Each structure stands twice: as C-alpha cells, then as structure tokens.
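Top to bottom, those sequences are chains A and B. Position 321 of the first sequence, counted from 1, bears residue number 699 in our numbering, the numbering being contiguous throughout. Position 387 of the second sequence, counted from 1, bears residue number 765 in our numbering, the numbering being contiguous throughout.
Just so you know, the hints here were simulated from the structure itself, not pulled from any lab data. These numbers were taken from a predicted model, which means no experiment stands behind them. Each hint should be verified, as a subset may be incorrect.
If several chains are the same, the list does not tell them apart, and a pair holds so long as it fits within one copy or across any two.
To be verified - Restricting the straight-line Cα-Cα distance to at most 30 angstroms, the calculated cross-link-like pairs of lysine-lysine (DSSO-like) are: (1) K401 <-> K703; (2) K513 <-> K711; (3) K613 <-> K721; (4) K800 <-> K613; (5) K738 <-> K448; (6) K711 <-> K591; (7) K721 <-> K544; (8) K381 <-> K711; (9) K457 <-> K544; (10) K703 <-> K544; (11) K591 <-> K406; (12) K406 <-> K721.
2 protein chains.
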Amino acid sequence: MDKEFYNEDFNADPDANVIVDFKVIVPKGNLNRVYHEIPAESSVGTWQRVAAMTDDILRKLSAKTFQVEKLSDTEAKLKVAYPLELFEANNIPQMLSLFAGNVYGMNSLEYLRVNDVHIPNELINTFPGPAHGPKGIYDIIGIDQGPILGTIVKPKLGSPPDVHAKTTYDAWRGVDGTSGITWVKDDEPQTDQDFCRFEDRIGRVLEYADQIKSETGRQVIYAANITGSISTMMKRADYVVDQGGKCLMIDVVTTGFSAVQHIREQDYGLPIHAHRAMHGALTRHHDHGIHMKVLALMYRLAGVDGIHTGTIFGKMGYGKIEEDKEEVLSSNKKLMGDLGNMKQVIPIASGGVGVRNIGKIIDALAPHVVITAGGGIHGHPDGSAAGATAMNQAKDAALQGVIEDDALLQWAKDNEAVELVKALTNQS
Amino acid sequence: MDKEFYNEDFNADPDANVIVDFKVIVPKGNLNRVYHEIPAESSVGTWQRVAAMTDDILRKLSAKTFQVEKLSDTEAKLKVAYPLELFEANNIPQMLSLFAGNVYGMNSLEYLRVNDVHIPNELINTFPGPAHGPKGIYDIIGIDQGPILGTIVKPKLGSPPDVHAKTTYDAWRGVDGTSGITWVKDDEPQTDQDFCRFEDRIGRVLEYADQIKSETGRQVIYAANITGSISTMMKRADYVVDQGGKCLMIDVVTTGFSAVQHIREQDYGLPIHAHRAMHGALTRHHDHGIHMKVLALMYRLAGVDGIHTGTIFGKMGYGKIEEDKEEVLSSNKKLMGDLGNMKQVIPIASGGVGVRNIGKIIDALAPHVVITAGGGIHGHPDGSAAGATAMNQAKDAALQGVIEDDALLQWAKDNEAVELVKALTNQS
Numbered sequence: 379m380d381k382e383f384y385n386e387d388f389n390a391d392p393d394a395n396v397i398v399d400f401k402v403i404v405p406k407g408n409l410n411r412v413y414h415e416i417p418a419e420s421s422v423g424t425w426q427r428v429a430a431m432t433d434d435i436l437r438k439l440s441a442k443t444f445q446v447e448k449l450s451d452t453e454a455k456l457k458v459a460y461p462l463e464l465f466e467a468n469n470i471p472q473m474l475s476l477f478a479g480n481v482y483g484m485n486s487l488e489y490l491r492v493n494d495v496h497i498p499n500e501l502i503n504t505f506p507g508p509a510h511g512p513k514g515i516y517d518i519i520g521i522d523q524g525p526i527l528g529t530i531v532k533p534k535l536g537s538p539p540d541v542h543a544k545t546t547y548d549a550w551r552g553v554d555g556t557s558g559i560t561w562v563k564d565d566e567p568q569t570d571q572d573f574c575r576f577e578d579r580i581g582r583v584l585e586y587a588d589q590i591k592s593e594t595g596r597q598v599i600y601a602a603n604i605t606g607s608i609s610t611m612m613k614r615a616d617y618v619v620d621q622g623g624k625c626l627m628i629d630v631v632t633t634g635f636s637a638v639q640h641i642r643e644q645d646y647g648l649p650i651h652a653h654r655a656m657h658g659a660l661t662r663h664h665d666h667g668i669h670m671k672v673l674a675l676m677y678r679l680a681g682v683d684g685i686h687t688g689t690i691f692g693k694m695g696y697g698k699i700e701e702d703k704e705e706v707l708s709s710n711k712k713l714m715g716d717l718g719n720m721k722q723v724i725p726i727a728s729g730g731v732g733v734r735n736i737g738k739i740i741d742a743l744a745p746h747v748v749i750t751a752g753g754g755i756h757g758h759p760d761g762s763a764a765g766a767t768a769m770n771q772a773k774d775a776a777l778q779g780v781i782e783d784d785a786l787l788q789w790a791k792d793n794e795a796v797e798l799v800k801a802l803t804n805q806s
Numbered sequence: 379m380d381k382e383f384y385n386e387d388f389n390a391d392p393d394a395n396v397i398v399d400f401k402v403i404v405p406k407g408n409l410n411r412v413y414h415e416i417p418a419e420s421s422v423g424t425w426q427r428v429a430a431m432t433d434d435i436l437r438k439l440s441a442k443t444f445q446v447e448k449l450s451d452t453e454a455k456l457k458v459a460y461p462l463e464l465f466e467a468n469n470i471p472q473m474l475s476l477f478a479g480n481v482y483g484m485n486s487l488e489y490l491r492v493n494d495v496h497i498p499n500e501l502i503n504t505f506p507g508p509a510h511g512p513k514g515i516y517d518i519i520g521i522d523q524g525p526i527l528g529t530i531v532k533p534k535l536g537s538p539p540d541v542h543a544k545t546t547y548d549a550w551r552g553v554d555g556t557s558g559i560t561w562v563k564d565d566e567p568q569t570d571q572d573f574c575r576f577e578d579r580i581g582r583v584l585e586y587a588d589q590i591k592s593e594t595g596r597q598v599i600y601a602a603n604i605t606g607s608i609s610t611m612m613k614r615a616d617y618v619v620d621q622g623g624k625c626l627m628i629d630v631v632t633t634g635f636s637a638v639q640h641i642r643e644q645d646y647g648l649p650i651h652a653h654r655a656m657h658g659a660l661t662r663h664h665d666h667g668i669h670m671k672v673l674a675l676m677y678r679l680a681g682v683d684g685i686h687t688g689t690i691f692g693k694m695g696y697g698k699i700e701e702d703k704e705e706v707l708s709s710n711k712k713l714m715g716d717l718g719n720m721k722q723v724i725p726i727a728s729g730g731v732g733v734r735n736i737g738k739i740i741d742a743l744a745p746h747v748v749i750t751a752g753g754g755i756h757g758h759p760d761g762s763a764a765g766a767t768a769m770n771q772a773k774d775a776a777l778q779g780v781i782e783d784d785a786l787l788q789w790a791k792d793n794e795a796v797e798l799v800k801a802l803t804n805q806s
C-alpha cells in the first residue's frame, strides 16, 4: 500500500481539514491495514480499484491517517484528516455518515471509537448553532448568571395533569413563593399519553407559571417535551408558544439530528432543552461508539441551547463512576468553548442530584449550568415545596463555599435553613 | 424490594405489553438489583420514593422483569414487559426514549444490550409503515419478484456529475442494453458537494434513465441521497419527483427517526431506500447497544421500503464474520414477517459483493432482496458495463443453482458468458 491514505509526514492543516480522533481495536495483524482502510472507506476508497478513480480525486479528496499512537499489537489511537471538500455545508447527517458511518462495520476492525473531532470554522459557520445560549436563557429568567436549579416531576410517568402541574407549582414556589427552583422539565418518555395529555399538562403548568409571575414577579421555565414526528413536534411547539411557554424540550438522540435542526430553524423564539436519552447506547462503551463530547459538539451545531452532559457523579446517581468527570468536563468544554461564530450551550446536570452532592456539582461545573433534581426534591419528607427550598438552600451554601456534608449541616443550622436541615437529617 | 418491578410469576400479555429482551452485564453483586432497576428507571420509578406515587400508578404503569436467564454471576438475559399505556401512538422516539433511553446510563450496569422487541399490533398499527414495500418496488420495475441487482458508483466520492452519470448508465445498460443491472444508488456521504452537485448529478442520471427506457423499455431505478436537514430533504425530494426519479435514499441513522417518518408522510409516491451508515456504532458490540433487527423493525414502522441489513459475509466485504448470518437473517425476518397491517420492507444486501459470492447471497436471502455491488462491478477489467453484465450472469447461474466457484466458471464457459468468465479469471 502506498501513502494515499496513511502518511505520517502529511501536514494536516486544521483550517482545511476535519480531524477525527479514533481508537481502534483489531484482530492481531490488522493494525497497519486499518490505518489505510479507515480513511479509504470514509472518503474516496473502494475495496477494488476502479476505472473512474483518478489521481486528481485521490490527491484532493483522500482522507489520511497522519498520526498513530500504537497502544499494543491490537490497539491504537489514530488521527485522520478529512479534506473540507468532502463535506456539505450545514449537513450534520452527511458529516457523520462520512467519518462515523460504514467504518463501524469494517471487518478488519473489532471495535471503533470516535473520541474527538475538530471542525474548521469555515464548516462550523455554515451551521445555525444555538439561537439563545446561556445568555439568552439568563435574559429570559432575568438574572445575570449562575447555576439554575431545576426539577423533573416524579414519578416520571403516571401522574394526571392536575397533579403534575401542582407538583411543578410547588417546586417553583418553594415554601414561601420565592425560595423554590426555576426550571422544571418533562421527563424524557413523557409526551402525550392517555394518563397525561400534552395539552392538558402543559396548559395547566403554564397557568401556574403565570401565577408565579403575578405572585412573585419571578419568571420560571417549563421545558415541554415536544418529542415526536416532525409534524407532531411543530404542532406542540406552536401550542407552547401560544400558551406563553418559555422552553421546548426534545429527546435529541431518538428524534435525530435533522429533527433538532428543523425545530431550531423554525425560530420559535424559545430555547431548546436537549435531553439525550439513548446516548449511552453510543457513548458508554469506551472501546466502541462515540464520545459524548462529539455528540455535544454536533448538537451545538444543530442549535440546542442546553443539553444534558452529566453530573460528574455517574449518569443515574446510583453511585459514582470516576471517569465520568472527564467525560462531563470535556463535553461541557465543547458546549462552552470558542467555536466559530456559534453561541454557547448551557450544560444540564441531571440524575441522582440531591442536597448532599449539589454543592460538589456546583463546585465542578458552575457558574453556567442547569442542575435538575427529581427524587432529590420530591422525596423531601415535607414534599416538593420543601424539597425545592432545601435544594436552593444547599445551592446558597455552595456559593458560599460550604460543600462537605458536616459543614453543610452546620451551615443549615446556623442559617435556620430548616428545610435543608430536615433533608440532611431525614434523607438517606 | 417487592414485586412491583420484578416478578417471575407475572403473566405478560403480549397483546397488552411491549416486551423487550435485554442482555445485562453488571459488576459482581448487582444482578438482582438490575432486575428491578431497569423496569423502574424505564417506566414509573425514581431513585427515591416520592409523595405523588400512588398504588394505582404502580399497578397500571410499572414495567416488570418477568423472565430471567442467568448466564453467570455478572450476566443475564431479561424479558421486561412495558404496559401499552406507557407509549404514545405513532411516536418512535418516545418508544425508544422509554425502553432504550436512560437505562443505558445506569450505574448499576456495566453494559446493556437490547436484543429484541415485541410490539403489540394495537401499537404497531398506529405507525405508517412502508407505502410501497417489495411489491410496490417490483411494480415500478415491472417484474413479479426475484433478486434485484444494483450498484453504487465508485469511487464513492469525487467523480463529477457527467462521469458519475455515465458510469450509472453503463451499469444499467450492461454490454448490450439489456444485460445490465436495475438499481443504482448514491453512496451514503454523497449529497451535494462542490465536486458533484446534487441537482447536476441527479438531473444527468435521470436523463440516462429515460434513455434506457426509450432504448430498451426497461424501467431502472436511481436511489438519490436526499440526506440533510428536513427542508433540504424536502427540496431534494421535490426535485427528484420533478425529474421523474423513482426512489429516494436517506441515511436513516444519521438523519434520525423523525426525519425518516416525515419524508414517509409527505407521500412523494416514491419508495424510500434506507442506508444505515453509523448503525454499527449501535449494533456491532454484542454486549452493548441495540441489535440490528430492532432497528430494522423501527425503520419498518417509520415507513422505509428497503433497508440495508448486510450480505451474510460481513459488513464490509473484507472478510467473513460468521455470526453476521444470524444478524442478517433475523433482521430480514423483521422486515418481511407479518406485522400488524404493515407492508413488508425489502432487504438490501451491500458491501463486498462480487461475482464469486453473489450466488451464496441469493441462496441465503432470495427471493426478495436488492443486492448492490460497487467495486465488484466497476472493478471489472473491461469496465462498468461488462461488470454489470457479469454480475447479472452470476445471478442467472445462481437462480439455476450454480453457486460454487468451480461450477460457476464452468457454467460461464458453457453459456458463453464471456464477461463472467473474464471477471472470474481476472479478479482476485
């Protein structure tokens, strides 16, 4: 094989190439082969030389492995450069079909992981990106910055609209109208089932949002899950706009990139809250699939304003996964770092959040983050309003640097944060 | 823990429950725990009991693990029943967000695989399904049944529209106008790049399709890759319709379920050819992700008319993966088996197809299959027309029961199939 597809002397210009970091695991003896085959399969190659292939095509459009870090006889990390000319402007599916498409099925590989991607600004700036971003969201709420607390109504499915809406109101309100949380979201499989119709639920919820505003002047947010077919999503978005809602939620993995971008393009004037249900099928196995930070980047291009990237305490809150911290922080960097003309995306931390760990999450992820707690709020011995107040108290403590359990309880006692004291002494 | 979420005595009515087959791999000691947690997390559970949870919700809406096959201390296969009430009609993203969503991130698991799903007809029949199916496709071509041969123009990217279109024409035509193949498709990352604009390419190609029809009376098919944002896809579909095209191709994984269903709902009158680029990120690791047959079922519900499911010889044709045969056959069963009121979906076999293995593919997958060869046609020593004729000759041999290499060469000589002789004696 020659140097068409593998050349460590190739100087990959980052302004003219999309650069993808792969990790490969291969059957013994295949390493050198896949250095050629991955760029060939994902650019201009075929498994047999054909008449229409020209030197010109090879020179201009070949992707190239230009850096190899061999980890063992069967594992390596590769950097592959894809000339910009291979990509269509403003087309996320095409980009993924190119560098993260058929390569996953190559027989010469056992497993393939896409760990990172660099995209030149020339291509970045063809995508819409977020319409609002963190700043737009802070403007809606009427604050300058800082962590935004939120909740998911629990149980995640089953409550009728009235109960669901009243629970939402309690969490917004807290015990006194001003000490509650700001952001409430539907759960990811909650759309429009018989037990809780979309319009009944959202209509009731948004009446309560108006009530909060007239009672306390606070603008609260409800992220209404519009997930469905395109026509369904548009109908639901129209309803949310009509009812004065302030946020649309989409299950971005299961609906897909084209759907997300379509909702972005409609310019409803509302931020898009991206739930990532099913991402773990792609991201969790560290030898295969795609790193969460790559998905985070793609959803930023597509135009979401906030997306779940984890809490640093493991995705579901049943325990800790240490490596998650790197995953969360690197994903958030993709959301908040400089990226062409794109606005930023606010990270959303969710899953197992409680009064005992919210300080650590704020410490790691603030200032710009939405943190949502479900059971950690609604499981308070005195109910959702007290749970929301307690969570807010824990946030205040964290912003004053009080994070560890013992200090937090002492802080709560000293500051007469009775809801937090009760949460800390009653919750397991 | 009680029997709310795990009960082996539970009688899961297949008419009233979606039933999902999971394989779990867990850290030692967690097996029993995940029998409860998987159905809890993917139905009405939360990690902490909350006030709004009622016995009524638990009774009506709890998902339940009702069958366990323990494989070791850390591995098991589970069957979990999800009451129909949890699902919204005609909403694939919601269905996946429910049973294949957050569960992939649970900390109590190491890996999770969705291996199969049963959906009751009551839910199946809320989806559109294919508008055409194999019968509709055969009607367009004007044949009754049988394997349909096709090709992908190679190189996969880089040829200008004229070269691309002429290669397509050669493959349709064969050496004599009637011995070519029927179906030509864009490659999955080929959309609308500078080197080959969509309208230039498709316009030229469809002129040649008209020419074939006027020369020989044959109706040939070009699957035009409309992959992109929703507005882009609709614009491209309109163009294909205007130009008299007969098929739309979509990269169904990278665009996503909502996009696929949206194109189906537009009723363009053309079958949808589904390319599955990136599926391997979800399907390939047998310990994690989702089985191809589950995706095949979902895309049938969404309304594709044909979808790639593999060749039985490994996904890329660089060798063999034995287990692929089960994967391909079980996926094809989801496409072609009875399913409520749904039409069937024709399987498409692609990747490394050549004259030496097409007989084995026909033997395994016929009668209803589209088989596309790229390098296997365009790599013929005498070019694409001869390659197409040779492939068709190999098909004829296979339909007469001649499949093995030696017998095939003898058959080619006996039948004066000179293009096939040349392909067999010159190709590696």
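Hint check:
| no. | hint | verdict |
| --- | --- | --- |
| 1 | K401 <-> K703 | both (20 angstroms within a copy, 27 angstroms between copies) |
| 2 | K513 <-> K711 | within (16 angstroms within a copy, 51 angstroms between copies) |
| 3 | K613 <-> K721 | both (27 angstroms within a copy, 28 angstroms between copies) |
| 4 | K800 <-> K613 | neither (43 angstroms within a copy, 59 angstroms between copies) |
| 5 | K738 <-> K448 | neither (37 angstroms within a copy, 38 angstroms between copies) |
| 6 | K711 <-> K591 | neither (34 angstroms within a copy, 56 angstroms between copies) |
| 7 | K721 <-> K544 | neither (35 angstroms within a copy, 45 angstroms between copies) |
| 8 | K381 <-> K711 | neither (35 angstroms within a copy, 43 angstroms between copies) |
| 9 | K457 <-> K544 | neither (52 angstroms within a copy, 35 angstroms between copies) |
| 10 | K703 <-> K544 | neither (35 angstroms within a copy, 54 angstroms between copies) |
| 11 | K591 <-> K406 | neither (65 angstroms within a copy, 51 angstroms between copies) |
| 12 | K406 <-> K721 | neither (45 angstroms within a copy, 44 angstroms between copies) |
Consistency note: the structure conflicts with the earlier hints numbered 4, 5, 6, 7, 8, 9, 10, 11, 12.
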